[in-house]
Every structure is written in structure tokens, then in C-alpha cells.
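K.L.:
Residues per chain, in single letters:
2 protein chains.
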Amino acid sequence: MKRESRLVRWIWWTVVVTALFLLGFCIGWFSKRSKATANNHKTSSKYLVEFLDEMRPDLIRDHLRKFTRLPHLAGTEQNLKYAEEIMKEWRDFGLDSVEMVPYDILLSYPNKSQPNYISIVDHSGKEVFNTSLAEPVPQGYEDVSNIVPPYSAYSPKGHPEGDLVYVNYGRTEDFLQLEREMNISVTGKIVIVRYGKIFRGNKVKNAMSAGAKGVIMFSDPADYWATGVKPYPDGWNLPGGGAQRGNVLNLNGAGDPLTPGYPAKEYTYRLNPEEGVGLPKIPVHPIGFHDATHLLKNMGGQIPPNNWKGALNVSYKTGPGFTGDFKSQKVRMNIYSNNQVSRIYNVIGKIRGALEPDRYVILGGHRDAWVFGGIDPMSGAAVVHETVRSAGKLLKRGWRPRRTVVFASWDAEEFGLLGSTEWAEDNARLLQERAVAYINADSAIEGMYTLRVDCTPSLHTLVYDLTKQISSPEDGEEGVSLYESWHKRDNWTNDRDAPRISKLGSGSDFEAYFIRLGIAAGRARYTKNKKTERYSSYPVYHSVYETFEIVERFYDPTFRRLRAVAQVRGGLIFLLADSQVLPLDANEYADSLRKYADSIAHLAQTHAELMKTYNVSFESLFSAVKNFTNAAKDFHERLQTLDKEDPLQVRIMNDQLMYLERAFIDPLGLPGRPFYRHVIFAPSSHNKYAGESFPGIYDALFDIENSADPDKAWREVKRQISIAAFTVHAAAMTLTPPA
Amino acid sequence: MKRESRLVRWIWWTVVVTALFLLGFCIGWFSKRSKATANNHKTSSKYLVEFLDEMRPDLIRDHLRKFTRLPHLAGTEQNLKYAEEIMKEWRDFGLDSVEMVPYDILLSYPNKSQPNYISIVDHSGKEVFNTSLAEPVPQGYEDVSNIVPPYSAYSPKGHPEGDLVYVNYGRTEDFLQLEREMNISVTGKIVIVRYGKIFRGNKVKNAMSAGAKGVIMFSDPADYWATGVKPYPDGWNLPGGGAQRGNVLNLNGAGDPLTPGYPAKEYTYRLNPEEGVGLPKIPVHPIGFHDATHLLKNMGGQIPPNNWKGALNVSYKTGPGFTGDFKSQKVRMNIYSNNQVSRIYNVIGKIRGALEPDRYVILGGHRDAWVFGGIDPMSGAAVVHETVRSAGKLLKRGWRPRRTVVFASWDAEEFGLLGSTEWAEDNARLLQERAVAYINADSAIEGMYTLRVDCTPSLHTLVYDLTKQISSPEDGEEGVSLYESWHKRDNWTNDRDAPRISKLGSGSDFEAYFIRLGIAAGRARYTKNKKTERYSSYPVYHSVYETFEIVERFYDPTFRRLRAVAQVRGGLIFLLADSQVLPLDANEYADSLRKYADSIAHLAQTHAELMKTYNVSFESLFSAVKNFTNAAKDFHERLQTLDKEDPLQVRIMNDQLMYLERAFIDPLGLPGRPFYRHVIFAPSSHNKYAGESFPGIYDALFDIENSADPDKAWREVKRQISIAAFTVHAAAMTLTPPA
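If you read the sequences in order, they're chains A and B. Each residue of the first sequence is one higher than the last, beginning at 79 in this note's numbering. Each residue of the second sequence is one higher than the last, beginning at 79 in this note's numbering.
Heads up, a few of these hints could be off.
No copy is singled out in the list; a pair is fine if it fits within one copy or between any two copies.
Calculated cross-link-like contacts (lysine to aspartate or glutamate; reagent style EDC-like; alpha-carbon spacing at most 20 Å) [as the list claims (entries may be wrong)]:
hint: 1; residue 1: Lys343; residue 2: Asp744
hint: 2; residue 1: Lys704; residue 2: Asp553
hint: 3; residue 1: Lys796; residue 2: Glu352
hint: 4; residue 1: Lys190; residue 2: Glu213
hint: 5; residue 1: Lys690; residue 2: Asp676
hint: 6; residue 1: Lys546; residue 2: Asp575
hint: 7; residue 1: Lys704; residue 2: Glu344
hint: 8; residue 1: Lys343; residue 2: Glu697
Source of the hints: derived by calculation from the structure; they are not laboratory data.
Throw the hints in and build the complete structure from the sequences for me.
P.N.:
Next comes the structure, spelled out in C-alpha cells:
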């Protein structure tokens, strides 16, 4: 008995010992497993809520107020001062590092002692009317100095004199109509075009190509006037004395005109000023409608009415071209602006990633403004500022994102996206290997209606998921999500029941990141109702009337709309930086590719006969899209079975997601546009603001019916289809198992 | 007492239980930690020894024998048959996957019914002497069909007739000497140049630029004749009837001439044949020395002797240019070759990586041969074959490398590196994100003296470490390492006591991987003694005499030299694929950059006065190199303290090492050479075979003293220095902590 009892006890002991050991082992094993993964995973969504809730309308208001008191044009002392303040505050908010990154780039300013203006001259050459030298300064800002008058940045100096020809919006089609249908040549003449529809640089390029010797641009109430709204300060319409500043470059993504492809550092080689990329060769100047009326009213043909009291139905707008006898009057442009190499400053702040410090999620927006920048860009900068503050709060509570977050306050966006492009050039190697996504933060509001999102297709799903977690900022929509509010106001199209998301064009700082480097990108802002509000951007765009007050009084009195935008931009950054598996959706890319392929093939079908003659087929492209669709589907199925406990396997699939956008980059670039390298998306060759899908094919097809050498032209179409098909195939390959 | 004893027992119990639990926990914790890392780490070096020991000279001999029985020119049925055999055997050896990858590329063949030849013509235009139509076939191969006669691939058809001008090696300096010192124009004439010193395509380009209307190339015994060695089959010298085949393209890395930048798939757009990249515009033809003597002996001036019995000291070699009266004789070229789009086949085999399947280590070499390919390339292909066999053995024993290994049997290397370049274009996106290194496997032997390694600087240390673990193949060197044997025969220079390693040039399949994509690359082979053996490559190069027997009888009777090369190539692949931390050395790159910067600055100093005049300084480059040196040093110090148990941290630092080479790529390419994108290394513009460091600066400085526009020329020098400085800076940035 005693022996047996001892035996039992020993057995008992052994079992207990083993069990305990195993228990310990198992706990050790599994607690180790989950350390790097699940832990981070669980708390992340809790922190997202905290991150979004922390953002406060009143603080966004304060930031906006603070950074719109003084004009802060790129290259000026005041813009450096704001940069220093932002750097200091971002440090105070708790970022791990904040630095100032300068570049020396070509800027353009009016000559302070010789203002630019346009005259009507009589027979003897005497100036009988001169346009105004500045906009009437809004109330409360009368004592502010350094308000730069309206000008076209990078216009060369010059005094061209000649007959005036009106060419509507100065679009490619306007010039073609003028030339082909109306048989009017602008060679040696000065053209006057109205702002709107396309980027002003494209207007100038078209005018140059047509042989004009000067360009005048004016803001037409039809394009910058909302019905039933008063001009500022009584409403948010553009006063008749207001005019739109802006650069008139055709950079095609080159960045600083003197250092294309390389960052403009002190030691960097610079082109001679006359070799600069994209510089206009003829004088250009913007005027307001009051002045425009004077110029236009003396023209023959249909005379534009001068009833400056509200939205106009002006009969001269039916097409380009006043053939008219100019009542023996001519205009003279007097432009004295200077180009000069000046120092600009980006502010770059970082939160170091906890697990993958070498993966970057970037939130960038510009700081430089034409004058006060009440909307453009400080409504966006205020939102970024609040995002940084909220992130800093979380850091203090122990949060640290999985990946590195980079915040950027860009300089000299208004001069051709220069600060952001130089930084992209400077950091191209790091970005192409490490950047997960770039979210842009230009003007956060351009209307009072609903959300507007432009992004790469792989971000669609994330945008929808996120906006369901954000509240609508609209009065009377308590408890309604931003998604629902947006969906109700701007449903996609017939083929999809979801809020509309558009392609990215250009005209803001995401360009180098998305179009040159192939980094997934997106932008979000509050916008107008496109169906009823037909003016371009917003009426006071790039005028002195973009003040803090216009936002506070009209656009967002509660600052809840700006908070919603902050939550969208910030939330995107948060989820991209902190999700274990990157929230990018290759299936959405597949859907979009299919739409774009259908669309370009449909466009080509307008030349069905020639397609047959020249043996042009879209078969290879459709086959590639099918291939991509299958690869994407398989990829996301495999992602379902991913062992999330294995850090290498997670990293490998994340890398596939991250590099998907990169796969669409063609190192050879688009024809004649070496810095536009994205095969699926590029700014339209006819309007930088608009995004074109399959731009290589589109451009090859453009106006092909009038080609001088149809054989060559159709060969180029085939070449572009081949490049598109290969690129989509290649992108599909990146989604298949890596070995 | 009893209570106390119970208490004691309880305490005892608790302690034991806790201790056991903790023991279990610790074992669980730490055994988990080491699973993915140390485990792999320990066994890897054991497997390396097995991998190297498994390689057998007799089997390398068998492989070589098997694949050199028949001519297997690219695009022929026999070369497809060899591809199929290789595919089958690689599968049998045990690779995870083997596939055949076809492309349809532009090849060039002689016209079978109208052979190419060159004639001496008399006054009346009658052909009084014709060059031979083929080489005398070596013994044992008399019944073999499909031996392509010597020709210059891609020569256009044509029958130019004219005076003959001798231009030595046809180098840039030879043409300059002819033009500037001897005042001889070759315009409208036919030039005859000897093979050697530079790539034949460069000779043709120079002749075209000089205005020649045809090029004849011949093998001079001074360049293709080793002292005291008999011509084949009694020795390994080139018989007088032998001639060198070869392409005469100037592709500058474009790959298939009709599809530059894109893989030549079925659907791919092709340029019109006349637009093809790098195609010569004038007829070209190669001849042997017997024929050359006939052409040269009738020329005026110094007459080359015709004593074909051994190495010659021919007086005509003192410089280019026979000014001569041509004894009223002319030559006529009769070229009937055709360019045609043909299908080629790469064989791609893979071993899937165990932990990082998305990291690729590539061993690639070509299979296509001009005739039998006894040396070029099958000595290399046999070595790859044996490497695959040995790797397969290890797989069966349970080994699996950490990373994926890719084995490639390229096609159409002889036609301009086409098979490898098309595959690189096809897989560019995968390769640029995932390729760790590319090891090239062309001819494994070109001499009987010692090892020759050309590689990127970051591989230096690995090459040294590895060769210390391999035995010398030389008789009488038992127990001596390959490193020692090599070191003894070819010490670097005064500044370093180690075996010499050279820069990569081009002329083999690594080009697209290294120069276009920026993947760390290297090559190794057995070579001659450069100090005493002054002929180019090896005497029978690209002739019909490159047989199995020439290797077995003369070059490597024991096949131990080939085994040593197999061990070097295979060992590099093994260590790159299986080391936990990538065996790449950024410090070596820093050292090399310093040397190259010193060297190019020294070269520029020959124009010290002009440097001052035009304000040219290398300061920015030296500063960048210093910066890089510090970053590399810091990086390797941090690497010492890397937590190797943390898979993400290991991956992050490995990524920095992997992407280091990529950082030297400039997406804009070198001036006029868009596919040569490596800022540190490019094939010389004057000789594709040679590597030039800082090629952009070198080319800008070249012949600058004769520039027509010195201001512009020196501006270009400054621009290139600026690009080099920026690139080195940018590469340094990639080595700093990622956030």
C-alpha cells in the first residue's frame, strides 16, 4: 500500500509537473506570438476613435485664424515665420522629429517699383485706359503690407501691343474652333480668355502654340459668380475688382524649372534661366471683370454686356473669336515681373513607426498662399495642424503607430507644386522603396454641400469604411454618418450605389508622389453641389478676398465641416499607418481598370473604320485587365488565410499591396512628359487639373482624324495600347504569390 | 508541527509549481524566438560545405560534353532542344518550378543561299580575290550541319565598294589620330580594323560616325595568338582560317532592337525594322588573318608581313591609317544577311525561399552559342547545371534557402544580351522590389592562370570570405585556398593587399540587372595571366574552334578549374540566399566611391586652368562621398547590435542593404543612353566591354579640349558632377535609420 501510494503520488507528481510545464510553455509560446501583432491590432481601433474625437472645431478655427493674418507668399519672410511657428508647434504637440527643409528654386514676383498693367491704346499709341494695379483690399486688412497684386507668375517681361482676340476659355477646342471654323488666326495678336474649365497654364500654352504674342485672362462672373450670392464681404462671390493670381507654367511635373529631376540644393546644377522647363515665352496677365469689360466692350462683333450685378448670361460666350473690327483700338501689355532663385522651406514632421519604421504614410499640404490663403491653402493647413495635435495627444497616451507617419507643410505649391516636388526628388529613393500612401491636404473646403474625394482606386474601400465612422457635419444630420450624408448628395453613377469618388488630376502637391513615383494617393475636401453650382473652384479663388472671415462667415461657421475633413484626412493616415494589413483594395483597382479600358476602347470606336484599316485592337489590353482582375481576386482570397501571427508573411503581403501602385509606373514616362510616369493616370494634356485614364492612348487618339500622317498616328495608338497592356499585365504579376 | 509541515509543504509546492511554470514559460518563449532565425542560421554553414563538396568535376565535364555536340545558335531548333533538355534536367534535379519563357526578337542570320564575302576588285570591277566563305571545320565535326559561317550579326545587306583604309583597332583614339594627325578622311571608304581592345560594335559606330561605307574586321595574330602555342587542334591558338563572329549593335542596353524598354511578347508593338535601336547602317564583315593578309598586302604604305607561323611583330600596327596609294585596287563587300523576328527561349528555374520567398537571388548565364560554344557559353552553362544539381541534392536532404533562388538559362546573349534583357524588362517591377543580387554565368574559363572576379563593391567582402572556403584547383596547391592561390597570382595594387577585383563592364547578361535596374551583381571565371598574355579574351573566341575538346585538352583537363568557378558562383548564390543578414558590405562601396571620385577629379585636373575659368569644382562630390562613408560605417555599427531574433528588424536592415545598389539608379538615365541608369558604373561609351566609373562625368570630360562650345561643354561637366554628388548623397540617406 505504501509503495503503491508512493507510486500514485509519483505519478501524480509527474502529471502535475508535466502539466504545469506545458501550461507555462504554451503561455510562453503564445504570449510571444501575439506580442507584435494582436496586441497592436486590438488597441488600434480604440485609438482611432480617440484620434477622431480629439479633433476640435474651435481649435481648427484658432489655427486658421492664426495663420491667415498676414500674406505669406512663397519665398517671403512671413512664410518662413509661419514655417517656424508650425515647426515649433508640431514639436510641442509631441512629434518625434520636426525639421525645416530648404530648397532654392525659381520664383516669380511683380516688380515692386513698376507695376504690371494692360492698356487700351489709341491711334497715336497713347494709353487711353489702364487696368487697375491692385484689388480693393477687404475691410480689416487695409493696413496690411505685402499684398501682392494679381499677376501671372513666370510671365516674362514684355510690352506686346496688338489686336485683341477673344478665345473663350482658351481650351484646345476653342483654338481649334477659331482656326478651323472661324478661320481666324491669332498670330501676332493678343488673346483674351476667360478663366475656368482648364488650368491657366494650358491656356497660355495653347495661345503660344497658336502664335499669340500675349495673353490676358479674366474672371467672368459666369464662371466666378454664384447665383443669388453677394460679392464679398456681403457674400462669397468675387467682386468686380477681384482677379485670380496663379502661375502659368507648363511644368508637366518637373518641379523647379531650373533643376528638373533633381532637388534644388545649394550645390545643384541649374539650367540657364532661358532654358527653364515650362516657362511661358509670351507675357501673361490676369484681370478682374470690371477691367475686362473695358477691354471687351470696344471689340466688334457681339458685345458683352456690362451689367455687373449678378450672374450674367453673356452672349459673347457662345464661342471663341471676335472677328470684329476693333474700332481701331489696340491693347498693350506692360509686364515687368522678375524671375528669381529664392529660398523656400518645407516643414517635415515625423512619428516613428513602432514596428515598421521604414514604411511611410504621408500627410502633406502646402502653406504658401497668394495672399492670406483663407481657403487656399490654410483651411487645409489648419486641418493638418489639428491632425498633428490629435496624434500628439495619442502619443502621450501611449499610442505609437505601426508605421512611420510623415507630416509635411509644403512651400511654393502656388508656383508649380515646387516644395513638394523638390522634396519628392530629394527623397525619391526612400519614397519608392518605403512609401505606403500619400494623402494630400490642400484647401479643405470649396463649397458647403458635401464631401469630395479624389483618390487612387485601391483607396476606395478604405474611404467608404472610414466615412461610415465619421459624423456628418451638416445641421439636422445628427446621428447620420458622413458616408450617408455624402451618399445622399452625390451618388456615384448608375452602375454603383455609393458616394462618387473621382480620379486624381493634378494641380496640387500629390502630383510628384502619385504620378511620378507611383505612391497610392488621395485627397478629400468639402465641396459645392456640382449639379447646380457651375462656377470653377470657388468665386474668390486666388484673390485677396480669401480671408479667414470668408470661411467663418460663409463656408463653415461652426467649423464642423473642416473637422469632418480633418477626420477624413487624419483617419486615412491613421488606418494606413496603424492597420496590421494595409487597407488597400486591389479588387477596386481591377474594377476601375475595366471601366477605363471600356471607356478608351469606346472612344476609339468613334474611328471604327480607321481602326480596321490600321488593324488596331484593344484585345491585349482587355486580356491584361482580365488577368489583373483574377490576380487581384486571388490575392485577396489568399489574404483571408494569411497567418497574421507571422510577421514576415504579413510584411510580404503588405509589400505586395504597397508596391501595387508602383507597378503602374513606366520608367520611360509618357511621350514628351518624362515626369508623368503613371500609365493609368496622368493630368490631361489639355487641362492639368483633370485626370485622364490611359493617358498615353488618349493622347495618341486625340484629334487623330486631322493627323497629317495617319499611318504614324495609328502606329502610335498601337504602341500606347501595347504599353498599357504590358503595364497592367506586369502589375497583375506583382499580386501573384512571390515564388 | 503538522500545520507547519503542511505550510512548508504548501510553500514547497507553490515554489515548485511556480518554478516549473516559469521554466516552461521561458522555454516556450525562447524556443519560439529562435525558431525562425537561429535554427536556419546554424545549419546554413553546414549546408554550404555540403553544397560546395557536392559539385563534381566529372559531372561538369559530362554537362559540357552533352551540350556542345551540336551548334545551337539563338533562334535555331537545336537551341530550343537544349533548352528543353535543361528544363527537364532541372526539374529532375529537384527545383520547385522550371518554365520556358519565350520572346520574339529581332535576330540576324547570313543568307543560306547567298554567302557573304569580300573581294578585291580590279580596274574593270572584276573580283580578283574573294575571302573564304567558312572556317575549316575542326576534326570530328566534319559531318555537322548548321555551322553558321563567320558574320557580323545585324549587318545590313549591301555591296559597298571602295578604297580600303586601315584604322588599327577602330577605337575612338584611332579615328581621331587618323583625322587629326594624319589628315585622312574615311568618308566614302571602306575601313579595315583589327579585332581586340574594344567591343566590335563600338568600332562600327566609330566607322559610321567617320563616314565610312563599310567595315571589315579581322583577327590579327598579335591579338589572338599566344606565344609558343600551336593553332587548334594542336594547341589553343586561332588558326589563320578562323574568324570571330559577333553582333555589331550599339544597343546601349535597350534589349531587342524593335521593342526598347518593353518585353518582346506576341502582342508587343514593334518599331519598323529601319527604326530599330542600335542597328548598324553600313555593311560589316569579319575575316580571319589569312584573308586579311591578302587585303592588306596590296595596300600602300607599310605592308604587313605574311609570315603566318606564330606571333607576329607586324609593323603596320604602329598606328592607324594607310595613306597609301592602293595600287589601283579596291575592295567590294558582298553582304546578304537578313534580320528577322524569331522566337527565343529562356529557361527559368526556381527554389522557393522558406522565409522570404519574395527576395530573389539570381544565377543566370546564356545558352546560345555561335557554334558549339565549348567555352562561350557552355563552360559557364555546365557550371550552372552542376550548381543546380547540387542545390537539388540539398533540397532533398531538407535544406531550403531563406530566400528564393532563380536559375536562368538565357537565350540570344550573342545577339545583344537579348534573352536576359527581355526577361528583365518583363519582370522589372518584381526585380526592382525584390532582387537581392544577380550573379552572371557566362564562359567559366578564358585562361589557365587564376580566378577573375568583376563585381559591385558591396560584394567584395563576400567574395573574399567565400574564396577562403574553396580549394585551389591548381596542381601542387593541395591545401591551399582559392583565395591564397588567387592572391598570389593577382594582388590588387599597391593600396591593398588582397586579390584584385575589377569593376563590371558589360558584354554579358548582367547588364540589364546591374546597369539598368541597380541590382548588386558580380561575375567570376578562370582567366589568363594578364601581365604576360596580351591577346584579347582567348584566341579561338567566337570561332568554330570553341569545342568541348579545347577545354578538355588545354584549358581544364581535370575540370577542377571549372569546379572552382562553380563553387564561387554557386557559393555566392548560396550565401546571398541563405544568410540571415545579407552579406553585402556598404563600407566597401564607400571605399570604391572614394577611389572613383579621386580618379575622376584627377582626370579633370589635366584641365586645371579651364576648371578655374569655368568655376568647376568636385567639392560637392567629395562631400557626398564623405557623407556616404560615414553613413556606411554607422550602418554596419548598428548592424552589430541588431536584434537578430526580431524578424522585422532583420528584414528592415536587409532591405537597406538590398536597396543600396538601387539607390545609384537615376531614372533619367545617362545622357543619350536611357537604359544605362547607374550613376556610378556604365559600360564605357568607347568600349562596351569596359566599365567606367562616374560615366556621366567621364563622358562630359572626354575630349573636352576640342569642344566646339567650351562653355556648354563645361556646363555639362558641372551638371554631371551635380548629379553624381546628389546620387551619392541620396544613397547615403538610404543607409541612415529609416525614421
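K.L.:
Which numbered hints are broken by the structure, listed smallest first?
P.N.:
2
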